[in-house]
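Start from the sequences, fold in the hints, and give me the full structure.
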Amino acid sequence: MLQVAITNYIALSATIFFIGVAGVLLRRNPLIMLMSIELMWNAANLLFLAFSRMWGNNAGHIFAFLVITVAAAEAAIGLAIVVIVFRNAKNVDVDEVAGLRG
Amino acid sequence: MIGFLFLAVVLIASAVWVVTAKKPVYSVVGLLAHFAALAAMYISLSAEFLGVVQIIVYSGAILVLFVFVIALLSSGVDPFSVGPNRLPKAAVPAGLLVLGSLALTAYGVFHATAAAAPLRPGGPGGRAGDANAFGSVADFGKALFTVHLLPFEITALVLMVAVIGVILLAGEKPPSAGTAERAAKVRREMREAIVRAGDE
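Quick mapping for you: the protein sequence lines, in order, are chains Y and G. Start counting the first sequence at 7; every next residue gets the next number (our numbering). Start counting the second sequence at 17; every next residue gets the next number (our numbering).
It is worth saying that the hints were derived from the structure and are not from the lab. Heads up, some of the hints might be wrong.
Covered by chain G, according to a simulated footprint, are these stretches of chain Y (three or more residues, beta-carbon under 8 Å) [what the hints assert, rightly or not]:
(1) 16–29
(2) 54–61
Simulated coverage check for chain G against chain Y, where a stretch passes if three residues somewhere in it have a Cβ under 8 Å from a Cβ of chain Y [to be verified]:
(3) 23–31
(4) 63–69
Glycine included, each C-beta is placed from N, C-alpha and C at the ideal position.
What follows is the structure, given as C-alpha cells:
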C-alpha cells in the first residue's frame with residue numbers, strides 16, 4: 007500500500023466517527039450505544055496512527071495505546087453499569103432509565 | 017491504494033452494520049469484522065505492535081466482555097433479546113446533524129492545505145519488517161519505556177481505577193457488608209448465650 011494521501015485517512019476516520027455518533031444518537035439499546043462509542047475511539051486511533059506514520063514520530067503510537075486502555079476501562083465500567091441497571095429495572099431502554107432524575 | 021480502498025469499504029460497511037443491526041449479538045459480529053480490518057490497516061500503517069494489541073485487547077477482551085454481558089442479560093428475558101429497536105422522535109434531526117457535521121469535516125479535509133503530504137512507503141526508520149523499523153515492537157517498546165514513561169504509568173492507573181470501579185459497581189454487596197453481617201451474627205449469638213446462661 008504505497009502513497010495513500012493523508013486526506014483519505016482523515017475522510018475514512020471522520021466517516022467511521024460519525025457512524026458511531028449516529029449510533030449513539032439513534033439507538034436506544036445501551037450495548038449498541040457502547041459499541042458505537044468503541045467505533046468512535048477506533049476512528050480517533052486510526053487518525054493517530056496515520057498522522058504518526060506521516061510525520062515519522064511514534065508519539066502517536068503511545069497515544070493510541072493510551073486510548074485503547076481508556077476504551078477498555080470505559081467498556082468494562084459501562085457494561086457493569088448496564089448490568090446493574092438491568093438487575094434493578096429489568097429494562098434496557100436508556101430512555102426509561104430515569105432513576106436519578108431530580 | 018487498492019488495499020486501502022478495500023479495507024475502507026470493509027470498515028465502513030461493518031460500522032454501518034454495527035449501528036443498524038437488530039440484535040446486539042449481530043452488532044458484536046460486525047464489530048469483530050471492523051476490528052479485524054482495522055488491525056490490518058494499522059499494520060499497513062507500520063504500527064505492527066498496535067495491530068496485534070488491537071486484535072488481543074479488542075477482539076480478545078472487550079468483545080468477549082460484550083458477548084458475556086449479552087449472554088448474561090438475554091437469558092430467558094424477552095425484551096432484551098428482542099431489544100428496543102425503535103428510533104426516537106429525534107431521528108431526522110439527529111441524522112441531519114450527523115450528515116451536516118460529516119459534510120463540514122469533508123469540506124475541511126478537502127480544503128486543507130497543510131499536512132497533505134503522501135505517506136512515505138516503508139516508513140522513516142528503514143524497511144518494514146526490520147527489527148528496529150518505525151512502529152516495530154522494539155521501536156514502540158523503547159519509546160514507551162523511555163520517553164513516554166508517564167503515559168505508561170497513567171495506563172496502569174486507569175486500569176486499576178477501572179478494576180476497582182467495576183468491583184464496587186457490579187459486586188453483589190459492598191465488600192464490607194460480609195464482615196458487618198458476620199459481626200452482627202456473632203453479637204446476636206453472644207447475647208443469646210448470655211441470656212441462656214442467666215436463665216440457668
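- Task: Go through the numbered hints given earlier and state which of them the structure violates, listing their numbers in rising order.
- Result: Of the numbered hints given earlier, the structure breaks none, since each of them holds.
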